[in-house]
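2 protein chains.
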Amino acid sequence: MISIHHQPQPTDLGDVRVANRALVLRHVRQHAPCSRADIAAHTGLNKATVSSLVTELIERRLLRETGLTENRVGRPATMLVLDGEPYAALGLQIGVDELVVVAVDLGGSRLLTWRRAFAAPSASPGETIRALATLARRAIGRVTGQGRTVLGLTVGVPGLVDPAGAVPLATALGWQDVTLAAELRAALRDPGFTVGVDTDANLAVLAEHRHGAYAGTADLVHLTGGAAVGAGVVTGGRLLRGARGFAGEFGHVTLDPAGPACACGGRGCLSALIGLPAVVRRLLPDSEQDGPVTDFLPELDRIQALARQDDPGVRTGLAEVGRHLGHGVSLLANLLNPEAVVVGGHLAALGSWVLPAARAELAARTLAPQAGGCRLDASTLGSTATALGGATAALATVEAGRLPTR
Amino acid sequence: MISIHHQPQPTDLGDVRVANRALVLRHVRQHAPCSRADIAAHTGLNKATVSSLVTELIERRLLRETGLTENRVGRPATMLVLDGEPYAALGLQIGVDELVVVAVDLGGSRLLTWRRAFAAPSASPGETIRALATLARRAIGRVTGQGRTVLGLTVGVPGLVDPAGAVPLATALGWQDVTLAAELRAALRDPGFTVGVDTDANLAVLAEHRHGAYAGTADLVHLTGGAAVGAGVVTGGRLLRGARGFAGEFGHVTLDPAGPACACGGRGCLSALIGLPAVVRRLLPDSEQDGPVTDFLPELDRIQALARQDDPGVRTGLAEVGRHLGHGVSLLANLLNPEAVVVGGHLAALGSWVLPAARAELAARTLAPQAGGCRLDASTLGSTATALGGATAALATVEAGRLPTR
Numbered sequence: 033m034i035s036i037h038h039q040p041q042p043t044d045l046g047d048v049r050v051a052n053r054a055l056v057l058r059h060v061r062q063h064a065p066c067s068r069a070d071i072a073a074h075t076g077l078n079k080a081t082v083s084s085l086v087t088e089l090i091e092r093r094l095l096r097e098t099g100l101t102e103n104r105v106g107r108p109a110t111m112l113v114l115d116g117e118p119y120a121a122l123g124l125q126i127g128v129d130e131l132v133v134v135a136v137d138l139g140g141s142r143l144l145t146w147r148r149a150f151a152a153p154s155a156s157p158g159e160t161i162r163a164l165a166t167l168a169r170r171a172i173g174r175v176t177g178q179g180r181t182v183l184g185l186t187v188g189v190p191g192l193v194d195p196a197g198a199v200p201l202a203t204a205l206g207w208q209d210v211t212l213a214a215e216l217r218a219a220l221r222d223p224g225f226t227v228g229v230d231t232d233a234n235l236a237v238l239a240e241h242r243h244g245a246y247a248g249t250a251d252l253v254h255l256t257g258g259a260a261v262g263a264g265v266v267t268g269g270r271l272l273r274g275a276r277g278f279a280g281e282f283g284h285v286t287l288d289p290a291g292p293a294c295a296c297g298g299r300g301c302l303s304a305l306i307g308l309p310a311v312v313r314r315l316l317p318d319s320e321q322d323g324p325v326t327d328f329l330p331e332l333d334r335i336q337a338l339a340r341q342d343d344p345g346v347r348t349g350l351a352e353v354g355r356h357l358g359h360g361v362s363l364l365a366n367l368l369n370p371e372a373v374v375v376g377g378h379l380a381a382l383g384s385w386v387l388p389a390a391r392a393e394l395a396a397r398t399l400a401p402q403a404g405g406c407r408l409d410a411s412t413l414g415s416t417a418t419a420l421g422g423a424t425a426a427l428a429t430v431e432a433g434r435l436p437t438r
Numbered sequence: 033m034i035s036i037h038h039q040p041q042p043t044d045l046g047d048v049r050v051a052n053r054a055l056v057l058r059h060v061r062q063h064a065p066c067s068r069a070d071i072a073a074h075t076g077l078n079k080a081t082v083s084s085l086v087t088e089l090i091e092r093r094l095l096r097e098t099g100l101t102e103n104r105v106g107r108p109a110t111m112l113v114l115d116g117e118p119y120a121a122l123g124l125q126i127g128v129d130e131l132v133v134v135a136v137d138l139g140g141s142r143l144l145t146w147r148r149a150f151a152a153p154s155a156s157p158g159e160t161i162r163a164l165a166t167l168a169r170r171a172i173g174r175v176t177g178q179g180r181t182v183l184g185l186t187v188g189v190p191g192l193v194d195p196a197g198a199v200p201l202a203t204a205l206g207w208q209d210v211t212l213a214a215e216l217r218a219a220l221r222d223p224g225f226t227v228g229v230d231t232d233a234n235l236a237v238l239a240e241h242r243h244g245a246y247a248g249t250a251d252l253v254h255l256t257g258g259a260a261v262g263a264g265v266v267t268g269g270r271l272l273r274g275a276r277g278f279a280g281e282f283g284h285v286t287l288d289p290a291g292p293a294c295a296c297g298g299r300g301c302l303s304a305l306i307g308l309p310a311v312v313r314r315l316l317p318d319s320e321q322d323g324p325v326t327d328f329l330p331e332l333d334r335i336q337a338l339a340r341q342d343d344p345g346v347r348t349g350l351a352e353v354g355r356h357l358g359h360g361v362s363l364l365a366n367l368l369n370p371e372a373v374v375v376g377g378h379l380a381a382l383g384s385w386v387l388p389a390a391r392a393e394l395a396a397r398t399l400a401p402q403a404g405g406c407r408l409d410a411s412t413l414g415s416t417a418t419a420l421g422g423a424t425a426a427l428a429t430v431e432a433g434r435l436p437t438r
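For the record, the sequence lines run as chains G and S. Following our numbering from start to finish, the first sequence increments by one per residue and tops out at 438. Following our numbering from start to finish, the second sequence increments by one per residue and tops out at 438.
Rather than coming from a laboratory, the hints here were simulated on the basis of the structure. Honestly, I wouldn't trust all of these hints.
Interface residues of chain G toward chain S, partial, derived using beta-carbon atoms under 10 Å [to be verified]:
hint, residue
1, 272
2, 369
3, 399
4, 401
5, 406
Here chain G is said to cover these stretches of chain S; the calculated rule only asks that three of the stretch's residues, wherever they fall, bring their Cβ under 8 Å from a Cβ of chain G [stated by the list, open to error]:
hint, stretch
6, 258-269
7, 272-281
8, 401-412
Simulated DEER-style distance windows between Cβ atoms [to be verified]:
hint, chain 1, residue 1, chain 2, residue 2, range
9, S, 174, G, 401, 57 to 67 Å
10, S, 321, G, 198, 54 to 64 Å
11, S, 198, G, 101, 44 to 54 Å
12, S, 337, G, 324, 55 to 65 Å
13, G, 154, S, 351, 40 to 50 Å
14, S, 337, G, 214, 55 to 65 Å
15, G, 181, S, 141, 53 to 63 Å
16, S, 141, G, 401, 35 to 45 Å
17, S, 351, G, 299, 19 to 29 Å
18, G, 409, S, 321, 23 to 33 Å
Glycine residues also receive a C-beta, built at the ideal position from the N, C-alpha and C atoms.
Generate the whole structure from the sequences, applying the supplied hints.
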């Protein structure tokens with residue numbers, strides 16, 4: 033019933049053209065193939081404006097004509113689709129035991145997905161940044177070799193990220209006050225495109241909102257798996273960032289004050305109960321016989337295999353992980369009332385065994401009937417949602433109507 | 033860095049006029065006295081449009097000319113202010129031991145604030161609705177007797193409210209599935225204005241956002257005091273409602289699994305630790321000698337008096353309340369990163385003794401440096417913030433540019 037509006041801002045004509053260009057691009061992205069007349073009818077822009085913008089966007093190869101025409105009353109229309117063939121955007125992801133890079137074209141189609149084994153928690157920030165830069169350079173080389181221009185690159189970090197792209201704290205990596213964006217930009221020798229940093233959860237929810245099973249859902253949360261559990265929150269169709277960009281820190285909510293110790297110094301935090309290292313430690317007590325685990329994929333495979341064999345200890349342990357997950361999600365459901373909470377990483381990989389218990393706990397602990405309608409599901413985007421979201425985020429300036437620099 | 037935009041909607045000319053009317057009203061509300069030329073310059077509307085809208089708004093007595101002119105280059109200008117003299121909006125509040133009604137004019141100035149002792153938790157929903165209707169009728173009689181037209185009325189409830197104005201659950205009142213808006217509308221014999229229902233926390237944060245010490249803050253939370261603790265959340269300048277309008281349920285987050293039993297069936301919920309009945313029970317063990325407390329104001333006075341006398345038991349108890357409050361607020365600070373959390377009701381009344389411990393706990397438990405910048409303060413709006421917010425909400429249709437029905 034209430035709405036609190038932003039103060040409207042006066043605009044100049046350049047801004048208006050940028051905004052209209054964004055309208056046209058968005059319409060084509062969502063409704064392609066479509067004609068100039070369709071765009072005019074749906075955006076409210078007049079036909080001359082649409083025609084001028086489309087000409088410019090075709091000339092810059094952001095749109096192209098398909099040559100298709102559609103049967104309709106009146107003249108046949110030339111249909112438009114996104115082109116973006118000459119452009120690419122990159123996303124990087126710092127996982128618990130790997131680095132990932134994804135490149136997409138303007139339409140969001142993947143051009144490449146590369147993984148490189150790398151145990152960031154046991155490396156120094158400098159080593160991690162060098163490894164990121166190496167991986168990024170290879171991906172940049174590949175897409176530029178294909179004749180594409182890179183529009184931007186965004187890195188996802190499991191921790192706090194400030195608006196300048198620095199990381200004040202990432203307990204899962206052991207980082208404190210790392211000026212990641214600046215150092216990565218320097219390592220890439222100030223490339224002619226934006227190098228951004230965001231939390232892995234923000235980028236993952238952006239990927240969900242664009243490409244996931246709940247794409248377009250106005251009230252949506254992505255909970256990351258991995259070493260730290262973070263929340264990316266979309267509310268009312270917009271990413272919730274908070275006053276200083278630190279929103280979404282959810283991994284250290286205390287669920288069990290008598291629970292296991294956490295890297296943050298607390299006890300029984302959500303991450304200490306359901307983070308990947310915690311799950312491996314709890315379900316595979318022999319896993320640390322030869323020192324700390326740095327490569328989690330084989331351990332995750334073992335847990336899945338044991339669960340498929342109905343190993344009672346593993347099944348019981350996974351149900352317990354599910355109850356903790358459901359408890360955590362109930363806090364989000366009570367406070368944010370999202371339409372869906374989507375879990376990623378190992379929580380998605382173990383979803384078949386974890387989610388039933390989690391859903392029961394969610395329903396029991398949420399005050400609104402039927403958990404306020406909140407669905408709880410595994411992400412369909414696999415374990416590279418953050419990198420995909422990073423590439424998606426890197427398209428933002430073009431999608432906002434700014435033309436790429438030539 | 034990311035922004036996720038709403039799909040732009042096509043508009044018709046009637047909608048455009050409504051939207052422009054809202055722009056003009058908002059500009060005058062925020063910048064009065066101002067001239068037609070000021071409005072045109074700041075809203076980007078052309079002068080003829082502004083002139084036509086202002087004429088209509090003066091004719092409907094939503095604006096008036098002050099007759100003042102301002103010295104400036106060129107012709108002296110006639111200055112405009114909000115009129116709204118012939119209009120009133122009402123807000124009602126169901127507190128733990130009283131009902132409150134507030135009426136405001138279009139500019140948000142209070143016309144009346146009336147309280148009536150009423151122990152809703154020990155009354156039936158039907159009795160409470162009859163008492164609300166009686167109080168509302170008296171207030172309506174007063175403002176219509178002054179020649180004003182009532183634009184709308186909104187009731188704040190400590191519980192869940194669905195979009196139809198029904199209350200699926202309000203544990204603090206013992207309510208379940210109460211069709212409040214419909215029943216109140218019937219009790220008022222279908223008045224010619226909107227009868228709305230919202231959560232007390234949503235209305236309180238609306239009042240804070242308009243009239244409080246943090247007015248205009250884009251990322252703001254109000255935590256209600258009283259029997260139940262609820263959160264009203266403004267994020268990115270907009271009220272966070274969630275998918276089904278159930279957002280802000282924060283009173284039953286478990287802070288201490290070994291803590292006292294809660295009306296919701298759980299243990300150690302935030303409400304069971306820092307709600308008004310819990311605080312009275314904890315600090316004044318003799319208060320329930322003659323049966324359950326139904327009138328909390330004298331008990332609150334006693335606690336304040338003992339705290340002022342440095343009573344060690346009461347001081348220790350209030351610091352403990354503060355630590356639980358700070359723990360709860362740290363969850364909000366980590367997840368939402370608001371600029372400020374403002375507490376109302378008894379938490380504000382006891383703020384001098386509760387807030388220092390709460391702020392220390394908040395800083396210790398929030399991962400971002402300096403609690404992510406989150407301030408924690410007592411509301412300056414007194415104990416009628418919800419009713420004031422209800423009246424403010426009832427102005428929404430006019431503020432959105434719809435003309436009042438004559």
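Hint-by-hint comparison with the structure:
Below 10 Å, beta-carbon pairs count as interface contacts, and residue 272(G) has one with chain S at about 5 Å; its hint therefore holds. The restraint placing residue 369(G) at the interface with chain S holds, with a minimum CB-CB distance near 2 Å, inside the 10 Å limit. For residue 399(G), the suggested interface contact is upheld, since its CB lies about 5 Å from the closest CB of chain S, less than 10 Å. Evaluation of the residue 401(G) hint against chain S yields a held restraint, the C-beta minimum of about 6 Å falling below 10 Å.
Against a cut-off of 10 Å between C-beta atoms, the interface hint on residue 406(G) holds, since the closest Cβ of chain S lies about 8 Å away. Evaluation of the coverage hint for the stretch 258-269 of chain S: fulfilled, as 6 residues show C-beta separations to chain G shorter than 8 Å, against a requirement of three. Coverage of the stretch 272-281 of chain S by chain G holds. Counting CB-CB distances below 8 Å, 10 residues qualify, and the rule asks for three or more. Under a criterion of three residues with beta carbons nearer than 8 Å to beta carbons of chain G, the stated coverage of the stretch 401-412 of chain S is upheld, 4 such residues being counted.
At about 39 Å, the CB distance of residue 174(S) to residue 401(G) disagrees with the hint of 57 to 67 Å. For residue 321(S) and residue 198(G), the hinted distance range of 54 to 64 Å is satisfied, since their beta carbons lie about 58 Å from each other. Taken as a hint, the range 44 to 54 Å holds for the pair residue 198(S) and residue 101(G), whose Cβ atoms sit roughly 52 Å apart. For residue 337(S) and residue 324(G), the hinted distance range of 55 to 65 Å is satisfied, since their beta carbons lie about 57 Å from each other.
A hinted range of 40 to 50 Å holds for the C-beta pair residue 154(G) and residue 351(S), which are about 42 Å apart. Distance hint check: the CB atoms of residue 337(S) and residue 214(G) are about 56 Å apart, consistent with the given range 55 to 65 Å. Our hint of 53 to 63 Å for residue 181(G) and residue 141(S) holds, since their Cβ atoms are close to 58 Å apart. The given range of 35 to 45 Å is respected by residue 141(S) and residue 401(G), whose C-beta atoms sit roughly 40 Å from each other.
Against the hinted window of 19 to 29 Å, the Cβ-Cβ separation of residue 351(S) and residue 299(G) comes to about 22 Å, which satisfies the hint. Under the hint 23 to 33 Å, the C-beta atoms of residue 409(G) and residue 321(S), about 52 Å apart, miss the expected range.
In terms of the numbered hints stated before, the structure departs from hints 9, 18, listed from lowest to highest.
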